[in-house]
Amino acid sequence: MRWALVKVCLAVTTMVVVAFAVPLGLVVKEMARDRAFSNAEREAAVVVPALSITTDRDQLERVVASAGSDDGMAVHLPAGDGRTAVDLGRQRAADADIAAVRKLGRASTAEVPGGSALLQPVALSLGTVVIEVYVPESEVTNGVGTAWAVLAAVGVALVVGSVAVADRLGVRMVQPARRLVEGAYELGEGKLGSRVPEEGPNELRLAAVAFNAMANQVVQLLANERELAADLSHRLRTPLTVLRLNAASLGDSPAAEQTRTAVAQLEREVDTIIRTAREAKPQTTALGPGAGCDAAEVVRERMAFWSALAEDEGRKVRTAGVDRPVRIPVARADLAAALDALLGNVFRHTPEGTAFAVDVHNGEDAVIVLVSDAGPGIPDPEAAMARGRGSGSEGSTGLGLDIVRRLAESTGGDVRIGSSVLGGTEVRIWIQLDGREPVRRGHRGTVRRRRRVLAR
Numbered sequence: 001m002r003w004a005l006v007k008v009c010l011a012v013t014t015m016v017v018v019a020f021a022v023p024l025g026l027v028v029k030e031m032a033r034d035r036a037f038s039n040a041e042r043e044a045a046v047v048v049p050a051l052s053i054t055t056d057r058d059q060l061e062r063v064v065a066s067a068g069s070d071d072g073m074a075v076h077l078p079a080g081d082g083r084t085a086v087d088l089g090r091q092r093a094a095d096a097d098i099a100a101v102r103k104l105g106r107a108s109t110a111e112v113p114g115g116s117a118l119l120q121p122v123a124l125s126l127g128t129v130v131i132e133v134y135v136p137e138s139e140v141t142n143g144v145g146t147a148w149a150v151l152a153a154v155g156v157a158l159v160v161g162s163v164a165v166a167d168r169l170g171v172r173m174v175q176p177a178r179r180l181v182e183g184a185y186e187l188g189e190g191k192l193g194s195r196v197p198e199e200g201p202n203e204l205r206l207a208a209v210a211f212n213a214m215a216n217q218v219v220q221l222l223a224n225e226r227e228l229a230a231d232l233s234h235r236l237r238t239p240l241t242v243l244r245l246n247a248a249s250l251g252d253s254p255a256a257e258q259t260r261t262a263v264a265q266l267e268r269e270v271d272t273i274i275r276t277a278r279e280a281k282p283q284t285t286a287l288g289p290g291a292g293c294d295a296a297e298v299v300r301e302r303m304a305f306w307s308a309l310a311e312d313e314g315r316k317v318r319t320a321g322v323d324r325p326v327r328i329p330v331a332r333a334d335l336a337a338a339l340d341a342l343l344g345n346v347f348r349h350t351p352e353g354t355a356f357a358v359d360v361h362n363g364e365d366a367v368i369v370l371v372s373d374a375g376p377g378i379p380d381p382e383a384a385m386a387r388g389r390g391s392g393s394e395g396s397t398g399l400g401l402d403i404v405r406r407l408a409e410s411t412g413g414d415v416r417i418g419s420s421v422l423g424g425t426e427v428r429i430w431i432q433l434d435g436r437e438p439v440r441r442g443h444r445g446t447v448r449r450r451r452r453v454l455a456r
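Numbering (the working numbering), first residue to last: 1 to 456.
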């Protein structure tokens, strides 16, 4: 579109310049010729009064000399026998041209070597006198080249200026369209945070508004789907964990075995549903300024929920760093889902009576949430993280670690699995506050030192 506009503007401007510049150039040339011959007529008019008074050669020579160069003017007096006599000056015109002017009695021009000659007849008592004034070619074309150069420069400037203006207009039209195309590609690739600036011509601006509205609706729909999956985890996983733990305490009766089998079957069905919901992993849009939640408040709320089950199983629970508000750029539902997933794993994969703790550390550019337990630990943390990236094995969908990983990476942070000071597993969630890449070198030691201080 941009080059099409430039080509159209170039063609139109070129035609306009040619349509005006060529006739104007011809007019300039004709004006220069008229000016030269007008000067020649004025020179000839100076001699006419002298011819009407006298035909004396010496007096006429003085008149011709006062009128201009005698080399550029000639006076042809008629001879008694009818032949043309050159009495004064240098003759350049042909005898036939001079005779024709004398016969017709009208001024005329004749082509001569190096220019033209103006032949002006003057009727006197002794006959018709012809005054010949030489007009050099340089005088006829004087100023024409300069005028043509100026016209050409103006024409080129107009063409260049019009092309530049058309290019800027094309850019103004093409850039919004290009951004709209790029936004559509990014949206198709799953980058749901992509938006198009609502600027440019009215049609493209309306298209950008419609595109952004569509993208917002898609993000909202996918967010609702994600919330539904998280709600499914909250509503089914937690009761299933309680049922499984209660079924384990029923003994070895046939009814107890049937209950445990039913719970296992239900867990497998729930895993299938969760895997289906996790097939698409869209990138959600980032939270705006001022959005997010209080991590300390969410931790207190979720720990209160899990404390009842922990008390039934004789587990010691500890929290730290939740006495003051800790703002993070994460939605409240997302953080709650991540904590429930990790705490559910603690109850699911550690024996009864195993202690666990949740620590929150607030730094200048990041917030660290530590979920640790005193269980047997994870033999292969890398395999566990791989399940969290969608390679869930039988009996594990990897949903918990996937929710935690996506939560951290949405802020520019990460997730690490290691050994805790309690002797079991430690899952560290690094939540970046300013969206920059996390500083990975040396922060683990700093976190552990701060955790020991908070635990005292």
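Since the hints were made in silico from the structure, they are not lab data.
No experiment lies behind these values; they were computed from the predicted model shown.
All residues carry an ideal CB built from backbone N, CA and C; glycine is no exception.
The reader is advised that the hints may include incorrect statements.
Taking CB as the label site, the calculated pair distances span [unchecked claim]:
#1 Glu311 to Gln217: 52 to 60 Å
#2 Gly193 to Gly418: 29 to 37 Å
#3 Gly314 to Leu250: 32 to 40 Å
#4 Glu199 to Ala11: 25 to 33 Å
#5 Lys191 to Asp365: 35 to 43 Å
Quick rundown of the hints versus the structure:
1. Glu311 to Gln217: 52 to 60 Å: Given a distance of about 45 Å, which is not inside 52 to 60 Å, the answer is violated.
2. Gly193 to Gly418: 29 to 37 Å: 31 Å, holds
3. Gly314 to Leu250: 32 to 40 Å: For Leu250 against Gly314, whose Cβ atoms are near 18 Å apart, the range 32 to 40 Å is violated.
4. Glu199 to Ala11: 25 to 33 Å: 29 Å, holds
5. Lys191 to Asp365: 35 to 43 Å: 25 Å, violated
Comparing the model with each earlier hint shows violations of hints 1, 3 and 5; every other hint is respected.
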